[in-house]
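**Q** Sequence:
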Amino acid sequence: MTRFRPCIDLHDGKVKQIVGGTLSDSGPGPKENFVSDQSPASFAEKFRADALTGGHVIKLGPGNDEAARNALGAWPGGLQIGGGIHASNAKEWLDAGASHVIVTSALFDANGKFLPQVLEDLVQTIGAERLVIDLSCRKVGEGWVVAMNRWQTLTDLTISAETLDSLAPHCAEFLIHAADVEGLCRGIDADLVALLGNWGKIPMTYAGGAASLQDVEAVQQAGNGKVDVTVGSALDLFGGTGVRYDELVAWNQRDF
Numbered sequence: 001m002t003r004f005r006p007c008i009d010l011h012d013g014k015v016k017q018i019v020g021g022t023l024s025d026s027g028p029g030p031k032e033n034f035v036s037d038q039s040p041a042s043f044a045e046k047f048r049a050d051a052l053t054g055g056h057v058i059k060l061g062p063g064n065d066e067a068a069r070n071a072l073g074a075w076p077g078g079l080q081i082g083g084g085i086h087a088s089n090a091k092e093w094l095d096a097g098a099s100h101v102i103v104t105s106a107l108f109d110a111n112g113k114f115l116p117q118v119l120e121d122l123v124q125t126i127g128a129e130r131l132v133i134d135l136s137c138r139k140v141g142e143g144w145v146v147a148m149n150r151w152q153t154l155t156d157l158t159i160s161a162e163t164l165d166s167l168a169p170h171c172a173e174f175l176i177h178a179a180d181v182e183g184l185c186r187g188i189d190a191d192l193v194a195l196l197g198n199w200g201k202i203p204m205t206y207a208g209g210a211a212s213l214q215d216v217e218a219v220q221q222a223g224n225g226k227v228d229v230t231v232g233s234a235l236d237l238f239g240g241t242g243v244r245y246d247e248l249v250a251w252n253q254r255d256f
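All the letters of the sequence shown, read from the start, carry residue numbers 1 to 256 under full-length UniProt numbering.
Worth flagging that the hints you see were computed from the coordinates, not collected in a lab.
Watch out, some of these pointers could steer you wrong.
Stated by the list, open to error - Across the chosen pairs, the derived CB separations fall in these ranges:
| # | residue 1 | residue 2 | range |
| --- | --- | --- | --- |
| 1 | Ala161 | Gly73 | 36 to 42 Å |
| 2 | Gln221 | Pro169 | 24 to 30 Å |
| 3 | Gly143 | Asp95 | 37 to 43 Å |
| 4 | Asp95 | Asp121 | 16 to 22 Å |
| 5 | Thr241 | Pro116 | 40 to 46 Å |
| 6 | Thr158 | Thr53 | 29 to 35 Å |
Even for Gly, the Cβ is constructed at its ideal location relative to N, Cα and C.
Please construct the entire structure, taking both the sequences and the accompanying hints into account.
**A** Given below as C-alpha cells:
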C-alpha cells in the first residue's frame, strides 16, 4: 500500500520548497515556495520521531553538503541522499549516515546519453541494494523523458516498462519527480503514477503536485498501491495549507 515518505530539499544550505521547473544555472534563481529558518537536522529528528522511513534528502545544486550531513547525522540510516552523487563519493555519503544514495546526472554524459558502464561501476562500488535511481522526468508529447542536471537537460531515457525492466536489477528503488508539476500544488500526474503502478516490480516513490490528502489517495488508487508519495509545498510543515503533517503520519499508521 502507498506510504507517505518525507523529504528534505536543500538549496543554498537551507531547507526549501521550490517550483521544480524554475531551477536553472542562470537567471534570477528558482521560485521559492518556502524557506525554513530551522536546521535540516530538526526535520530529520521529527521524521525519526514519527517513524517516517524511506525519506530523502536532495541537494539542489552546490553549497548543500554541510546541511545534508546535518540531516543525515540526526538520523543515521534513516534517510536517502541525492544530488551530485557519483561512484567516487557514494561511499562517503553512505558513511555519513545515508541509507541509500540517489543518482541521476552521473548516469549520463553532458548531452544526456545514458552510460551503462557508469551504473555498473556504482553497483560494483556500493551494491545495488544501496542505490536508488532517480528517474525524475518531464512530459514530452504523450510520454515522459528522464531529465538530469536539476531537471534542465532531457536525456535519451524515456519512462517506460522497458526502461524500468532494464534498470531494476541494478538498484533497490526508483525515485520519480514529475518536474513539470513539482511545487505547483495543482494535483499529481495521475497518468505517470498509473504507468509506474502498472509496472510495480520494485519500490518507487513519486513526487510532484500533491496538494491535498485526496491527491495522496489518488496516488494510491492510480498506482495500485505500489507507488509511495512525497508531499512538499502543500504540507503545513513547509508552510503549505493543503495537507497537514499529522494527517500523513496517521496515513502511514493506518491498518493495511
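**Q** Evaluate each hint against the coordinates.
**A** These are the hints, each one checked on the structure:
{"no.": "1", "hint": "Ala161 - Gly73: 36 to 42 Å", "verdict": "39 Å, holds"}
{"no.": "2", "hint": "Gln221 - Pro169: 24 to 30 Å", "verdict": "29 Å, holds"}
{"no.": "3", "hint": "Gly143 - Asp95: 37 to 43 Å", "verdict": "38 Å, holds"}
{"no.": "4", "hint": "Asp95 - Asp121: 16 to 22 Å", "verdict": "18 Å, holds"}
{"no.": "5", "hint": "Thr241 - Pro116: 40 to 46 Å", "verdict": "44 Å, holds"}
{"no.": "6", "hint": "Thr158 - Thr53: 29 to 35 Å", "verdict": "30 Å, holds"}
Violation of the numbered hints given earlier is absent; every hint is satisfied by the structure.
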